[in-house]
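S.K.: Given next are the chains, with one letter for each unit.
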Amino acid sequence: MKVNERTIGDLLWRIILLLWALTIIVPLLWVLYESLKTNQEFFADVWALPRKWAWVNYKKAWVSYELGSTMLNTLYYVGASLVLGTFLTTINAYALVRLQFKGRQLIWSMIMLSLFLPGINALIPQYVLMRDLHMLNSLTGLILLDSLGESVFFLMLLGGFMQSLPKELEESAFMDGASLFQTFMRIIVPLSTPGIVTVAIFKFLGLYNNFLGPFIYLSDAKKHTIGVKMYHANQIMQYKSDLVTLFAGVTIAMLPTLILYIVFQKKIAEGATLGAVKG
Amino acid sequence: MASSETTRTTHKGSLMKKSDMQKRLFVLIAVWPCFIGYLLFNLYPNIVSVYYSLIDWNGISEAKFVGLSNFVSMFQDVFVWRALYHNLILILTIPVLTVYISLILAYLLINKGYLEVKLYRILFFIPNILAVIVITLLWSFIYDGSYGILNGLLKIIGIDMKEYYWLGDRSTALWALLPPLIWSGVGLYVVIFMNAMKSIPPSLYEAAVLEGASHTTRLFKITIPLLSPIIRVGVLFISLGVFKGFEFMLILTNGGPSGSTDVIGLYMFSMAFGSTSHNYGYASAIGMFLFVILIAVKLITDRIGSKESLEY
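First to last, the sequence lines map onto chains A and B.
With this note's numbering applied, the first sequence covers 244 to 522.
With this note's numbering applied, the second sequence covers 42 to 353.
Any given hint could turn out to be false.
Claimed, not checked - Listed next, with one range per pair, are the computed distances between beta-carbon atoms:
| id | chain 1 | residue 1 | chain 2 | residue 2 | range |
| --- | --- | --- | --- | --- | --- |
| 1 | B | Ala249 | A | Leu327 | 51 to 61 Å |
| 2 | B | Val158 | A | Ile251 | 33 to 43 Å |
| 3 | A | Ile268 | B | Arg211 | 48 to 58 Å |
| 4 | B | Val113 | A | Glu513 | 21 to 31 Å |
| 5 | A | Gly403 | B | Arg211 | 47 to 57 Å |
| 6 | B | Met62 | A | Val506 | 38 to 48 Å |
| 7 | A | Ser357 | B | Ile130 | 23 to 33 Å |
| 8 | B | Arg344 | A | Gly362 | 21 to 31 Å |
| 9 | B | Ser240 | A | Lys465 | 15 to 25 Å |
| 10 | B | Ser269 | A | Val432 | 32 to 42 Å |
| 11 | B | Ser102 | A | Val506 | 25 to 35 Å |
| 12 | B | Ile88 | A | Leu254 | 54 to 64 Å |
| 13 | B | Ile163 | A | Leu315 | 27 to 37 Å |
| 14 | B | Asn295 | A | Ser352 | 24 to 34 Å |
Stated by the list, open to error - Covered stretches of chain B, going by a simulated chain A footprint (3 or more residues, C-beta under 8 Å):
| id | stretch |
| --- | --- |
| 15 | 126-134 |
| 16 | 163-174 |
To be clear, the hints were calculated from the coordinates, so they are not data collected in a lab.
The beta carbon of each residue, even a glycine, is placed where N, CA and C say it ideally should be.
Same shape as in the complex, but just chain A (with noise of 0.2 Å):
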């Protein structure tokens, strides 16, 4: 519908907007220019740009910040998760929409009672049951916290993907003589990819972006995800006070979610839409 009455009114709105978008794009750009100044440029002059652009600090915040080890301890949490938890979530959902079996309605309706438990108050019984099975301190063991489980947004989501394929497939697929898990790999999974790429991608999110899992569970330095390391690093600068280099550390944290939006803009809108349907 067009009836844009160029107005007053217009101007007041579009402003708004720019605002709005100011506050997204100031911080971001202001990191990022800051990141290519030196220490005493920035303290100097916090506004100006930099003259020369200094791309050690992304060198300095690398080998100080440890980022080498931090960032292949985020790819194996953060990788083995996605693949074992969009795994497992993917065959859990075909299991518990298209195949009949004893408990399943017991099992459904266990799953449903999660969305009634906030979690916050089993922080502390699930830190002894991590301590209990010596799981603290390893990225493993937060690989298996993090992707045993159910959830019931992304079973929702695969489940009604896979409700819509039509039953024929399979009866067809048995008939010539496939497995159970031949169907599920050979027809299943290729007709449902749009929506387990859906899954992965807010799973990546999810899992890059956790924060207070890793810094409960990874005392230990050696083992800190992106996030706890940033904290620390942070934390730090309290007495020193090596600001572009944070600020170059900052920007290298944030680069892996904002690429895959990049890539993936239209499929995380589309999943972020489907996530309060559920309601």
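Guided by the hints, dock chain B onto chain A, whose structure is given.
M.R.: Frame of chain A, contents of chain B only:
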């Protein structure tokens, strides 16, 4: 004839048995790892937290059953009430502001054909994909006293705050937490509301336009009432988040200065995992209290909203 009949049924039976076995194995692999993980890491800790709230335990010592005494001291703990008061301030401001800002932005992005709208649709969601640590550090750069962006901008328009640390002063610290909390949530609701607005039939607006209704009237009289079910869900999610969330405070202020940004989740967290305290029993009692509050918030939000649900 009869014998061939029996062989056929036994053959069929063994085939059934085979596929039955296969199905059991498949279900074993497909369902049980997730379900057992859920029981172990989620349901079990939730149930056990009730017991934890009734004991005196620092995680190492022998757990001592103390009945309701954790709850008794909790209700007498001024820090609990102070933290809850801060939560109250946040819950009265953040959900309303987040939803209103999102509604207005979404309405403008959908109904105004400005050139820049396409870019904004992508841009506005960016805070939602940034990690908590990135958001909090960005805002600590904004609020810093010596080099911060905010003081710099204020200076340009003629307000010299000198070296004022927004997060370091009792009088502003809690209020200074509102912008990052709102900023990081708006993008998601803009997307959600935009999609909901797209599904409103244009004919509804056309009639209003003919009668000369302005954009503001259309937004408040048509769009918002029609969106009320989804707005209610939004308010519920944000409200629950306000009571549960404490990562921003943990990173930005750790509850300080002198407790002025302490919230109930953070108080519970520092009781259990803080550098000085490992009081698992007491922290769990706070957790149980929080659980009750969250259920109450859910019920209240349902009650308030359900009156005005419209169909079109």
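S.K.: Does each hint fit the structure? Answer for all of them.
M.R.: Tested hints:
| no. | hint | verdict |
| --- | --- | --- |
| 1 | Ala249/B to Leu327/A: 51 to 61 Å | holds, 52 Å |
| 2 | Val158/B to Ile251/A: 33 to 43 Å | violated, 19 Å |
| 3 | Ile268/A to Arg211/B: 48 to 58 Å | violated, 32 Å |
| 4 | Val113/B to Glu513/A: 21 to 31 Å | violated, 50 Å |
| 5 | Gly403/A to Arg211/B: 47 to 57 Å | holds, 50 Å |
| 6 | Met62/B to Val506/A: 38 to 48 Å | holds, 43 Å |
| 7 | Ser357/A to Ile130/B: 23 to 33 Å | holds, 30 Å |
| 8 | Arg344/B to Gly362/A: 21 to 31 Å | holds, 24 Å |
| 9 | Ser240/B to Lys465/A: 15 to 25 Å | violated, 51 Å |
| 10 | Ser269/B to Val432/A: 32 to 42 Å | holds, 39 Å |
| 11 | Ser102/B to Val506/A: 25 to 35 Å | violated, 52 Å |
| 12 | Ile88/B to Leu254/A: 54 to 64 Å | holds, 58 Å |
| 13 | Ile163/B to Leu315/A: 27 to 37 Å | holds, 31 Å |
| 14 | Asn295/B to Ser352/A: 24 to 34 Å | violated, 40 Å |
| 15 | 126-134 | violated (count 0) |
| 16 | 163-174 | holds (count 12) |
Consistency with the previously given hints fails for numbers 2, 3, 4, 9, 11, 14, 15, ordered from lowest to highest.
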